[in-house]
Amino acid sequence: MGRLRRTMMFVPGNNPSMMQDAYIYGADSIMLDLEDSVTLAEKDAARRLVYHALKEINYGNTEMVVRINPLNTPFGVKDVEAVVKAGVNVIRMPKTETADEVREVEEEIEKVEREIGVPVGKTLIMAALESALGVINAYSIATSSKRMMGIALGAEDYCANLKTNRSKDGAELLLARQTIVVAARAAGIDALDTVFSDMNDMETFRKDVEFIKKLGFDGKSIINPRQISIVHETFAPSQKEIDKARLILNAIKDAEKRGSGVVSLNGKMVDKPVVIRAQRCIDTAIASGLITREELYV
Amino acid sequence: MYKVDKEYKDLLKQTAKKMHLPVQKLAEKKNPEFRGDYQKKCDKIVDLETAVINCGLKDGMTVSFHHHFRNGDKVVNYVMNKLAQMGFKNLHLAASSLTDVHAPLIDHIKNGVITQISTSGLRGELADSISHGLMENPVIFRSHGGRAAAIANDELHIDVAFLGASSCDYMGNANGYSRTSEEKSICGSLGYAMVDAEYADKVIILTDNIVPYPNAPFAICERDVDYVVEIASVGDSSKISSGAIRDTKNPHDLLLAQTAAKVVANSPYFKEGFSMQTGSGGASLAATQYIGEYMKEAGITARFALGGITSHMVKLHEEGLIKRLLDVQSFDMIAAQSLKNNRFHQQISGNEYANPFEPGSAMNLLDVVILSALEVDVNFNVNVLTGSDGIIRGAIGGHPDTAKGAAMSIIVCPLLRGRIPCVVDKVTTLITPGETVDVIVTDRGVAVNPARKDLLECLQDAKIRLRTIEDLRDEAYSIIGEADPLPFGDKVVGVVTSPEGAVLDIIKNIVE
Chain L
3 MGRLRRTMMF VPGNNPSMMQ DAYIYGADSI MLDLEDSVTL AEKDAARRLV YHALKEINYG
63 NTEMVVRINP LNTPFGVKDV EAVVKAGVNV IRMPKTETAD EVREVEEEIE KVEREIGVPV
123 GKTLIMAALE SALGVINAYS IATSSKRMMG IALGAEDYCA NLKTNRSKDG AELLLARQTI
183 VVAARAAGID ALDTVFSDMN DMETFRKDVE FIKKLGFDGK SIINPRQISI VHETFAPSQK
243 EIDKARLILN AIKDAEKRGS GVVSLNGKMV DKPVVIRAQR CIDTAIASGL ITREELYV
Chain Y
3 MYKVDKEYKD LLKQTAKKMH LPVQKLAEKK NPEFRGDYQK KCDKIVDLET AVINCGLKDG
63 MTVSFHHHFR NGDKVVNYVM NKLAQMGFKN LHLAASSLTD VHAPLIDHIK NGVITQISTS
123 GLRGELADSI SHGLMENPVI FRSHGGRAAA IANDELHIDV AFLGASSCDY MGNANGYSRT
183 SEEKSICGSL GYAMVDAEYA DKVIILTDNI VPYPNAPFAI CERDVDYVVE IASVGDSSKI
243 SSGAIRDTKN PHDLLLAQTA AKVVANSPYF KEGFSMQTGS GGASLAATQY IGEYMKEAGI
303 TARFALGGIT SHMVKLHEEG LIKRLLDVQS FDMIAAQSLK NNRFHQQISG NEYANPFEPG
363 SAMNLLDVVI LSALEVDVNF NVNVLTGSDG IIRGAIGGHP DTAKGAAMSI IVCPLLRGRI
423 PCVVDKVTTL ITPGETVDVI VTDRGVAVNP ARKDLLECLQ DAKIRLRTIE DLRDEAYSII
483 GEADPLPFGD KVVGVVTSPE GAVLDIIKNI VE
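Chains as they are written, first to last, in my numbering: chain L, 3 to 300; chain Y, 3 to 514.
Please keep in mind that the hints were generated in silico from the structure rather than gathered at the bench.
Owing to the predicted nature of the structure, the values given are computational and were not obtained by experimental measurement.
Treat the hints with care, since some could be wrong.
Stated by the list, open to error - Listed next, the stretches of chain L that the computed footprint assigns to chain Y, with coverage defined by at least 3 CB atoms under 8 Å from CB atoms of chain Y:
#	stretch
1	23-29
2	218-228
Stated by the list, open to error - Simulated restraints on C-beta separations:
#	chain 1	residue 1	chain 2	residue 2	range
3	Y	F490	L	T75	42 to 52 Å
4	Y	G275	L	N226	48 to 58 Å
5	L	T75	Y	K455	55 to 65 Å
6	Y	G491	L	N60	50 to 60 Å
7	Y	G362	L	I225	47 to 57 Å
Here a beta-carbon is modelled for each residue, glycine too, at the ideal position from N, C-alpha and C.
Please work from the sequences and hints to get the whole structure.
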């Protein structure tokens, strides 16, 4: 199965105690930030901290992402070098606008991977689209590299670029969100939604999550551990969905036992998309703690 | 007048003599005055100095105070300033607890007004100075139950108790709220003060709200009260939920609270009619709301909640999920108001709460208690009094009392606080012995005391991340490393006693 990326939690790369404790809340991915949450004066110190956090702290199975500074700043290349050496899973590129930018980052990654002798291609990339140009180029960015694991919306910069503001219902983001989901699906990668920053309005946050799930997103960037349970609850399948998916997966197992390539349930053939959805539903149910793998085939 | 002849009178006298009883003299003249005016004349109200003199306070005696106003307390400093002005020396200050607001006591210690302190806790500058060796005599730390027992047994003899009250009538009936009029300051339960009132030789009530007789209901009865002193303010109610009592949005605390609630809900005690308590500290307080959610889901109710009563408990009480509240101390304003307004919210004294020598103490009828900790060690011992720097910065409270009394004690504690490991080889100061601690909930897993195999079995099926305590310690040390030994000196600055009154541990001074 592909990795679940329901929640990607932002953690400032200059805050040791937050980095130290980040994994205990159960986010699917943790994104240590070297970009906007770190002031110019602290860029070097934060890079060192993030390097040591990745090397020293046991983050368990959590996917570790680092948001680097753009390559056209004095920090970008050094960021890539440090985090690849530290064994990061994913490099997140901020404010990505063209496929060429991705290829430049890829070159830098490859250099370091060869230098330290890890398999070339081990380090994945994700791109945040934070401008009109980035959104227009979503598909070419999504397909620019084999390392590309997902594209994400960065709504604050995007809204500024559009000359509008963020609203509660998110009408201004609709086109960008749908463009990103469609481009990601066309490219076979993940689509990740933007942050919601009002921690005192959990109701609107929940609605926002329900909405982006409906649009087809795989998950959402979050800024506070208190948001995790709401996203995971929203993305958790219902008992009815789980029951149906279990029947389908059991039918596949039966078909395998019989040596038949055709899966049928209640006399009807089960199509491939249905199988994929069922598998995904069960994976999410397991991650949400609603069912265990042992309970699956009974 | 009742007139009788001489013969009859002689017989009455003889009978009285035979029965060793006096003969009734003629009745005094009746007072026909309106009682509303009369009560003001025969009152116990005097100024503080008069009250102190009339109580016969002398150098070397013991004076006592309660801490129901927590960081908003104005009584301790007010009274101690007055006693200093009056020239008293060598006093023993026995408070149910002391907080940040009591830093002015430092001067009274330096000037010899106070030479001995007994308390449940110390915080802030006062704690810091004492840890650095301010006092010649070590501070005696007692748990709330231990203090009640020591007073009742006369190990801690109180000569004069100075008890702040939110309302008091002319006769001395006092309370931590008022149903007669709006209080200037409300603290809710006067549970710890009730012990002092019962056993002290002399009792002075200080209040900023004199109400007409009778101040019903009352916590402290006029029979126990010698004088009533009116002062401008006894406390700032808005500060009763400060210090150790805080409501939290901290994701760390909420994670601990959720896990603790999950442990409760999967324990054998989580059934109809159970009872619970939560101690101070963000995570343990927050656990109540999550336990409430489990209760609704399971359709069960609790018979009572005990202890420091919080707004979360009041909410569950008002929703019908907790039938009774037994309140020795109101942890916030909402709890204090609830005591005033909810008929099944009952205040109880420290003796009824946690006296270890009373088999019927409420703590012994408690199923579940959730408590916080500064440090726990691999033997499940808990420290809630001294920080990782060795400096006193907390209070024993009811920690060891309820850990021992309850059927299941749960300690919530992060594995790390910044650069400080909270699961260690040996606690800096022993407050609650590991034998009475059943479950330790950290943010990186839950450790069950190996002595509680029954709990271990229940929790194994509950999708709770169970780990050994040694494993948790190893993880803490692997991230942070082992701390250097603390710079303790040779002077004993504190003595920790067990609830039964025996010396459990000592606290040494810190040299820098």
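Hints, one by one, checked against the model:
Chain Y is given as covering the stretch 23-29 of chain L, and this holds because 3 residues of the stretch bring a CB closer than 8 Å to a CB of that chain, at least three being needed. For the stretch 218-228 of chain L, the stated coverage by chain Y is satisfied: 3 residues place a CB nearer than 8 Å to a CB of that chain, which reaches the threshold of 3. For the hinted restraint 42 to 52 Å between F490 of chain Y and T75 of chain L, the CB-CB distance of approximately 50 Å keeps it satisfied. Between G275 of chain Y and N226 of chain L the C-beta distance comes to about 38 Å, which lies outside the given range of 48 to 58 Å.
As the Cβ distance of T75 of chain L to K455 of chain Y is approximately 59 Å, the hint placing it in 55 to 65 Å holds. For G491 of chain Y paired with N60 of chain L, a C-beta distance near 38 Å fails the hint of 50 to 60 Å. Between G362 of chain Y and I225 of chain L the CB atoms are about 51 Å apart, so this pair conforms to the stated range of 47 to 57 Å.
The structure is inconsistent with the numbered hints 4, 6, although it conforms to all the rest.
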